[in-house]
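> Please build the complex by placing chain B on the supplied structure of chain A, with the hints as guidance.
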Amino acid sequence: MAQITVTVNGTTEHHDVEPRTLLVHFLRERLSLTGTHVGCDTSQCGACTVLLDGASVKSCTVLAVQADGASITTIEGIAKDGQYHPLQTAFWEQHGLQCGFCTPGMIMSSIDLLRRNPSPSEAEIRAGLEGNICRCTGYHNIVNAVAAAAEQMRAAATPAHVN
Amino acid sequence: MTAPTTPAPSLFGASIKRREDPRFITGKGRFTDDVVMPGMTHAAFVRSPHAFAIIRSIDTSRASALPGVRAVFTGEQLAAAGVNGLPAGWLLPDIKVPYRPVLSVGHARHVGEAVAVVIADSAAVARDAAELVDVDYEPLVAVADTATALSHPTQIHDIAPDNRCFHWSIGDAAPVDAAFASAPHVVRQRFVNNRLAAMAMEPRASLASYDVAGDELTLYVTSQNPHVHRLIMGAFVLGLAEHRFRVIAPDVGGGFGSKIFIYPEEVVVAWAAKKIGRPVKWTATRSESFLTDAQGRDHVSEAEMALSNDGKVLALRVKTIANVGSGLSLFAPAVPTYLYATLLSGAYAIPAIHCEVDAVFTNTTPVDAYRGAGRPEACYLIERMMDLSAKHLGMSPVDIRRLNFIPAHAFPYQTPVALCYDSGNYEPALDMALTKADYASLLQRQAEGRANGRYIGIGFSTYIEACSIAPSQVVGALGSQAGLYESAHVRVHPTGSVTVYTGSHSHGQGHETTFAQIVADQLGIPMDAVDIVHGDTGKVQFGMGTYGSRSGALGGTSIYMSLQKIKDKAKKIAAHLLEAAEADIEFEGGKFYVRGAPDRAKQFADVTLAAYLGHNLPSGLEPGLEATSFFDPSNFTFPFGTHIAVVEIERSTGHVTLLNYIAVDDVGNVINPMIVDGMVHGGIAQGVAQALWESVHFAPDGQPLNASLMEYAVPRADQLIKYNTGRTVTPSPVNPLGVKGAGETGTIASTPAIANAVMDALSPFGVSHIDMPLTPSKLWTAMNGSTGGL
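Those protein sequence lines, which keep their order, are chains A and B.
Heads up: the first sequence begins at 1 in the numbering used here, then just goes up one per residue.
Heads up: the second sequence begins at 1 in the numbering used here, then just goes up one per residue.
Please note that the accuracy of each hint is not assured.
To be verified - Pairs of lysine to aspartate or glutamate, EDC-like flavour, derived with a Cα cap of 16 Å:
| no. | chain 1 | residue 1 | chain 2 | residue 2 |
| --- | --- | --- | --- | --- |
| 1 | B | Lys28 | A | Glu124 |
| 2 | B | Lys722 | A | Glu122 |
| 3 | B | Lys567 | B | Asp528 |
| 4 | B | Lys539 | B | Glu216 |
| 5 | B | Lys28 | A | Glu76 |
| 6 | B | Lys722 | A | Glu124 |
| 7 | B | Lys17 | A | Glu122 |
| 8 | B | Lys275 | B | Asp215 |
To be verified - Far from chain B, by Cβ distances over 10 Å, these chain A residues were calculated:
| no. | residue |
| --- | --- |
| 9 | Met1 |
| 10 | Ala2 |
| 11 | Gln3 |
| 12 | Glu13 |
| 13 | His14 |
| 14 | His37 |
| 15 | Val62 |
| 16 | Val65 |
| 17 | Gln66 |
| 18 | Asp112 |
| 19 | Arg115 |
| 20 | Asn117 |
| 21 | Glu130 |
| 22 | Ala156 |
| 23 | Ala157 |
As the list claims (entries may be wrong) - So the derived list for chain B, only partly shown, Cβ under 7 Å to chain A, looks like this:
| no. | residue |
| --- | --- |
| 24 | Ile25 |
| 25 | Met199 |
| 26 | Gly253 |
| 27 | Gly254 |
| 28 | Phe405 |
| 29 | His681 |
| 30 | Ile684 |
| 31 | Leu709 |
Don't read these hints as lab results, they were simulated from the structure.
Backbone N, C-alpha and C define an ideal beta-carbon position, used for all residues, glycine too.
Looking at chain A on its own, in the form it has when it is part of the complex (with noise of 0.2 Å):
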């Protein structure tokens, strides 16, 4: 066992893991926080995507002791006082989701690409959320809902990075 100390969506955990827990299923499994989802075994599919001292990784590649002293987002961290995010009103607005179970990963990917490239073009767009895979909308709606959240945050001057 190895003893970790994480703040996860601001709240500070101590935790003793098996050094081979994955940092994705330290969330689910002792942090209850089952919005990151695990979609492949080969780090393809996204949906376990977190922010990491607010850069994205995909919590299935990241061991939980490699976390040790850092900083994770959450789908369940993004809104904040009852407010959600503008990516997850974009993707609600947009109808940038069907089933849902990529969508925590896809939210979390657009707010780093975001963070990177407020003015994405269509095409920047598509290459940042590479590394997600959804499987019932084609992409058309999520693309829309990037550049609306993006279009939005910047008229609001809202800082794209969370922490």
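Just chain B now, kept in the frame of chain A:
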């Protein structure tokens, strides 16, 4: 509680934002793997590494000895405990149905077949222990190839000589033969319809617990049809009575057909939970999904089309070999027969059609319904044949389609392959698509491009499809072991809010929104006053679930029927309260009033309260206000439309770029256009993917070659484009909502549109057909093969 009395505007046909989304965008969805129970254990399966092998022995001693392991079970132990095999849910004459145990007994017949199960205190220990189960296999020569399975020396099942599961035919051969004998033109082509993985984003999962005190087993499972799971697992496999077996399909992360079927793992989990007295959970890894989720398509067909000099189709003859995999998945027999060959008339008036199908066993993952299920295979074949015929005759692909369309005045239209199309008007959809594509300009652009070494292709698909397979009496006569109706219970509460219990199941379709739109629209109450309950056999009366684009036409209509019963009874109460004749009562905008005297009125909530108070009801009328309906329609519904794909092939690499995609669909009346567009988008992506990228490959020895997301080419955002959608509306006459079904049109229509576009782009190279997926290497080879290199 506030009585919902504010009248709502017409909600049927409005793009209402989805009510299910807040939980998904906040990470509060509740999928099967999210459910945790006290004392929960975890299952891991030992799987065959061989495509075909005799199982000589299984030694579980090392696995059992690992700390944390609670039990290890083999197929023989399950059989001894009375667990039956998985049944086939659709039977055909002379079909061979091999016994399909949930864990292998004697032989393993595909890579990934579950041979044994380990149950342990953690998922990690269960997997560690599964590695310690020592299985002594004697590998046998396997059969993997569809086209040669019938002549392969290996026989996979004792009961199935030549590996033939069934031989089946439809249509009258004599007029077909006569037409071919005298036809001035015959066009022939062999088609391979590539095998696909459904690849729902949520892997299959199950969690069972047994309550000793109540003698009730509860199973959470990734199912599109929890009552079907309960019926088949309870009655046929485990011997459990339905009132003591509850199946819950909570949020389900996509299905596309693959979560219709009963799989070994959920049976084992349910049985083991009772056996060991602890909850048992299993969640598939993606690798397990690729090995064990039922796959789709996998046909090899020889098609021949007889034509007149002016391009009229005179007859169609098709011989298909359909690969069903190692054993029969639940609805496998229906897919390459009644869901495929019956659609071979397409959108065209073809006087004579005959189709023969041989279904074959192979040592591969079982094949069953995947989005479209038979209809994409039919649509691909007929739409490719229309293009090949046009090319043969020197006609435009538009003209040959228009010439052969079933005319608008001919509906209902009886085809030579059993189906009677409910309604249709094909030319307006084609015209709208041509306008959207700006076809004349496109042709000019194509010609200019070719002159400059740019290879642009324009592909058409003027498809039809069939939704909500019915009626039950007919499908029963054709071999279905289930009825295919749908049910709804509508419960109006005393203060006028409503709970609907639907037998449909939503795994992305948005029923919590669209069904609430129907209710709010019919009762004139706000959507907030309506809850839609689905996916729990402990709450919902019964249901056949969601697949085959059936939920609007069947689930929606059964709700509508219950609402009429509710309104009829409420009208009686309103008339009584208003001291008027029932015939004089109008119901509009949530208000009952006396015709001609709108001030003499009762709000819906006043009437519902009266129904439950029971103080002042018409003589003989029971208190309460709820109604149950089962809707079994008179026919399928037949959506149609025109899709146009525009692609460019890069000459130096064979890479295909999508330039434009136009989809004009007619799905009858539309409840929520935003949701229909979304389903069309996703369907197009899956159909495009079959044409260009996706294909499940097995080596000749049955080893899967691309069973992970590292190798299987599910499309990413950067491979696709925005889709240009439009609609015509031809209501269906077979249900009162006039809806047809929109879940599969995109998948069915888009594959041939893309293939036709690629072949059109390749026409300067003298290439007329390449089998899917149309990968750069195939296209590069084709372009260079016929020109002698760059």
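> None of the hints should be skipped; say for each whether it holds.
To see whether the hints hold, each was checked on the structure:
About 29 Å separates the Cα atoms of Lys28 of chain B and Glu124 of chain A, which puts this hinted pair outside 16 Å; it is violated. This hinted pair checks out: Lys722 of chain B and Glu122 of chain A have alpha carbons roughly 10 Å apart, not beyond 16 Å. Only pairs whose Cα atoms come within 16 Å are accepted, and Lys567 of chain B paired with Asp528 of chain B is rejected, the gap being roughly 19 Å. About 15 Å separates the Cα atoms of Lys539 of chain B and Glu216 of chain B, which keeps this hinted pair within 16 Å; it holds.
Restraint check for Lys28 of chain B and Glu76 of chain A: the C-alpha separation of about 8 Å stays at or below 16 Å, so the hint holds. Restraint check: the Cα-Cα separation between Lys722 of chain B and Glu124 of chain A comes to about 14 Å, which is no more than 16 Å; the hinted pair holds. A C-alpha spacing of about 23 Å is found between Lys17 of chain B and Glu122 of chain A, which places the hinted pair above 16 Å, so the restraint is violated. Only pairs whose Cα atoms come within 16 Å are accepted, and Lys275 of chain B paired with Asp215 of chain B is accepted, the gap being roughly 13 Å.
Once the 10 Å rule is applied to beta carbons, Met1 of chain A is consistent with being away from chain B; the minimum gap is 13 Å. The non-interface label for Ala2 of chain A is consistent with chain B: the shortest C-beta to C-beta separation is roughly 15 Å, beyond 10 Å. With a least CB separation of 19 Å from chain B, Gln3 of chain A remains clear of the 10 Å interface cut-off, as annotated. Residue-level check passed: Glu13 of chain A sits 17 Å from the nearest beta carbon of chain B, beyond 10 Å.
Look at His14 of chain A: its CB is around 21 Å from the nearest CB on chain B, clear of 10 Å, so calling it non-interface holds up. The Cβ of His37 of chain A sits about 7 Å from the closest Cβ of chain B, inside the 10 Å cut-off, so the non-interface label is violated. With a minimum CB-CB distance of about 17 Å to chain B, Val62 of chain A clears the 10 Å threshold, and the non-interface call stands. Its beta-carbon lying about 15 Å from the closest one in chain B, Val65 of chain A satisfies the requirement of being farther than 10 Å from that chain.
Chain B leaves Gln66 of chain A outside its interface by the beta-carbon criterion, the shortest separation being 18 Å against a cut-off of 10 Å. Consistency note on Asp112 of chain A: stated as away from chain B, and its beta-carbon is indeed over 10 Å from all of that chain's, at 15 Å minimum. The claim that Arg115 of chain A is not at the interface with chain B holds, since no C-beta of that chain comes within 10 Å of its own (minimum 18 Å). With a minimum CB-CB distance of about 15 Å to chain B, Asn117 of chain A clears the 10 Å threshold, and the non-interface call stands.
The beta carbon of Glu130 of chain A sits about 5 Å from the closest Cβ of chain B, which is not more than 10 Å, so the claim that it is off the interface is violated. Listed as outside the interface, Ala156 of chain A is consistent with that label: its C-beta sits roughly 18 Å from the nearest C-beta of chain B, beyond the 10 Å cut-off. The non-interface label for Ala157 of chain A is consistent with chain B: the shortest C-beta to C-beta separation is roughly 22 Å, beyond 10 Å. At about 4 Å, the closest approach between the beta carbon of Ile25 of chain B and any beta carbon in chain A falls short of 7 Å, and the interface hint on this residue holds.
Contact between Met199 of chain B and chain A, as hinted, is supported at the beta carbon level, the nearest pair being about 6 Å apart and thus within 7 Å. Of the supplied interface hints, the one on Gly253 of chain B holds, with its beta-carbon coming within about 3 Å of a beta-carbon of chain A, less than 7 Å. Taking 7 Å as the C-beta contact cut-off toward chain A, the hint placing Gly254 of chain B at the interface holds, the least distance being around 4 Å. Interface restraint check: Phe405 of chain B against chain A, minimum CB-CB distance 28 Å, threshold 7 Å, status violated.
Interface hint at His681 of chain B: satisfied, since its Cβ lies 4 Å from the closest Cβ of chain A, which is below the 7 Å cut-off. The closest approach between the C-beta of Ile684 of chain B and any C-beta of chain A is roughly 6 Å, which is under the 7 Å cut-off, so the hint is satisfied. The criterion of a C-beta within 7 Å of any C-beta in chain A is met by Leu709 of chain B, whose closest approach is roughly 4 Å, and the hint holds.
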